[in-house]
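Peer 1: Please put together the full structure from these sequences, using the hints given.
Residue numbers (this note's numbering), protein chains in the order written: chain A, 1 to 112; chain B, 1001 to 1113.
Honestly, the hints are just simulated from the structure, not real lab data. Note that this is a predicted model, so its numbers are computed, not measured.
With a straight-line cut-off of 27 Å between C-alpha atoms, the simulated DSSO-like cross-links for lysine-lysine are:
hint, chain 1, residue 1, chain 2, residue 2
1, A, Lys57, B, Lys1105
2, B, Lys1042, A, Lys9
3, A, Lys70, B, Lys1042
The following residues of chain A were derived to be distant from chain B, with all beta-carbon distances above 12 Å:
hint, residue
4, Phe12
5, Lys14
6, Asn18
7, Asn26
8, Asn28
9, Gly63
10, Ser65
11, Arg68
12, Lys70
13, Glu72
14, Ala81
Even for Gly, the Cβ is constructed at its ideal location relative to N, Cα and C.
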Amino acid sequence: DGGITQSPKYLFRKEGQNVTLSCEQNLNHDAMYWYRQDPGQGLRLIYYSQIVNDFQKGDIAEGYSVSREKKESFPLTVTSAQKNPTAFYLCASSILQGSEQYFGPGTRLTVT
Amino acid sequence: QKEVEQDPGPLSVPEGAIVSLNCTYSNSAFQYFMWYRQYSRKGPELLMYTYSSGNKEDGRFTAQVDKSSKYISLFIRDSQPSDSATYLCAMRDSGGSNYKLTFGKGTLLTVNP
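Peer 2: Laid out in structure tokens, this is it:
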């Protein structure tokens, strides 16, 4: 059963701690993306990667970091430098030249 | 002016109604258009994808694109309570290796039984 998995579904952290969100896909897609969704703001692109060991900043990369060591995996680290980390985080993937992006179920991060 | 404008609603309709959801855009380079459905606390699900002006139909859903007016629509026929969700439009241009999507903010739809 192909798809995108994100874990955990809910994550709670104290301010000042780094936290890593997992994203795995078995769709054999080359490209992967991380978005942040806040009420009333729509989806905003954090980082994207079109190939292993390469990634680019999106519109709101400050305070985030990523790695792409395997085609199937694209973890996102929310660092303590991110000023407003509480949000719903969505991972997506697509074929390299495809427009259609397919999303995972999301991780809701709460930082207090 | 934002690149993509989408009426946030909320939109409330009775079961069986025809629903029209709309987005306008300002970037004439946008060539590919998508509609996603997002249930509360879930990831968006791709509903429709089109790249040409005109209509594309899939079951109860019809996507319409008017590139000359920079306007896209999603029509839902015979709406059901299970259609209650937020609907997001998304689009991208055809340039180079940039596969970035630009999203509307979403329209919240409620279909009442």
